[in-house]
Amino acid sequence: MLEPLNKLITSAGLTNLSYKDIIMILIACLFLYLAIKKQYEPYLLLPIAFGMLLVNLPLTNLMVSATQDASGGLLYYLYQGTELGIYPPLIFLCLGSTIDFGPLIANPITLLLGGAAQVGIFIAFFGALAFGMTPEEASSIGIIGGADGPTAIYLTSQLAEHLLPIVALAAYSYMALVPIIQPPIIRALTTESERKIKMEQLRPVSKLEKILFPIVTTIFVVLLVPSSAPLIGMLMLGNLVKESNVVPKITETLQSSFMFIVTILLGITVGAKANGDILLTAETLKVVVLGLIAFAGGTAGGVLAGKVMCKLSNGKINPMIGAAGVSAVPMAARIVQKEGVKTDPSNYLLMHAMGPNVAGVIGSAVAAGVLMSFFGN
Amino acid sequence: MFNVDYAALEKGLELMGVGMLGIFTVLFILYLISIVLIKLFPGKERKDIV
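Quick note, the sequences are listed as chains A and B, same order. Here our numbering runs 109 ahead of the position in the first sequence, where the first position is 1. Here our numbering runs 5 ahead of the position in the second sequence, where the first position is 1.
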């Protein structure tokens, strides 16, 4: 009689709990609290936290890989979409269908601000090398500075898979913290008179220009950096679907249900990679610190490039819009708008900041492509 | 904690320069193409307001 009882007890998760599992379950609960109560990036943080909770409950075998004799766990199969680099480009497809490149086409010089803001990626890359990390790990950490979650997940899944959960969490955490991180950097690097600069109203952009932009961008960017094709290709396809206006049902699906389906799959599988052995290490702390440096460096790089453009244009460009070059669409552009209004209530910079903001999405995808071409297989 | 490998750092600096140059090259070419396209297709009907 005691034997079955003993078997039941030993096969119960409760008796197999380790201290690492307990810590991870507590962290998962904290993230669930932040997602639900504080609403920090809830669309992604909620499934990430729940995935984390599920895999850290002992004996669930949700991430067990398939063998010849037994099939794998549910999350193992779902994780293949992340591991094989499928979900992030699909998110880019959806993102493309929501982005308006109009402000960028109206003022193409802002493309360079989107490029300058990627400097944070390479500052953190360099910092990670100084910490003794491998170039692949350094690239994955650096890409946090792109402030682009799907790009960070894509590159990390290809180069340093073991860092995936912490890089994803750091990337989305810093994106949620844009309103706290960016304003002090913007204010520190600009003078009040620079912040007060009013920019000329953007010219109208024709439908033809908006249709040609994704096609031409795809051709040239992919020709120059072929490894950026999955991200750039999907981003531009989504945008072309939207701008062509010939498949409104697809546009509607990409902007709503499809985006949420892929988001939940991406979130839960990224969270499922976060077990105690991976997350509770000194490397996590390094990633968090370097990620912050990457993010702050990107913002500073964008603002400094904005200052150069301000000088070159005889004060026609407000340098603050450079801060929006770190992607984080549209939050970074909103911060610039807020800072502009704070200095001068009649200074509206939102549309001007959207140019570097969407350029930052292209810039971070190109940066990921460049790093992939350096260190990818 | 700081196991500094100077050869790796030198390589890192080099990659940093090449990487940023690569990004700027791509975006600058895109910028030039945008300018050319704007000149080629000025857009007769400009109804959309950005």
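No lab work stands behind these hints: they were computed from the structure. Please note: incorrect hints may appear among the correct ones.
[Claimed, not checked] Calculated cross-link-like contacts (lysine-lysine; reagent style BS3-like; alpha-carbon spacing at most 30 Å): (1) 420/A <-> 147/A; (2) 16/B <-> 307/A; (3) 425/A <-> 44/B; (4) 425/A <-> 16/B; (5) 420/A <-> 16/B; (6) 416/A <-> 447/A; (7) 395/A <-> 420/A.
Against the structure, the hints come out as follows:
1. 420/A <-> 147/A: Answer violated: residue 420/A to residue 147/A is near 41 Å, above 30 Å.
2. 16/B <-> 307/A: violated (42 Å)
3. 425/A <-> 44/B: holds (22 Å)
4. 425/A <-> 16/B: violated (39 Å)
5. 420/A <-> 16/B: violated (33 Å)
6. 416/A <-> 447/A: holds (19 Å)
7. 395/A <-> 420/A: violated (37 Å)
Consistency note: the structure conflicts with the earlier hints numbered 1, 2, 4, 5 and 7.
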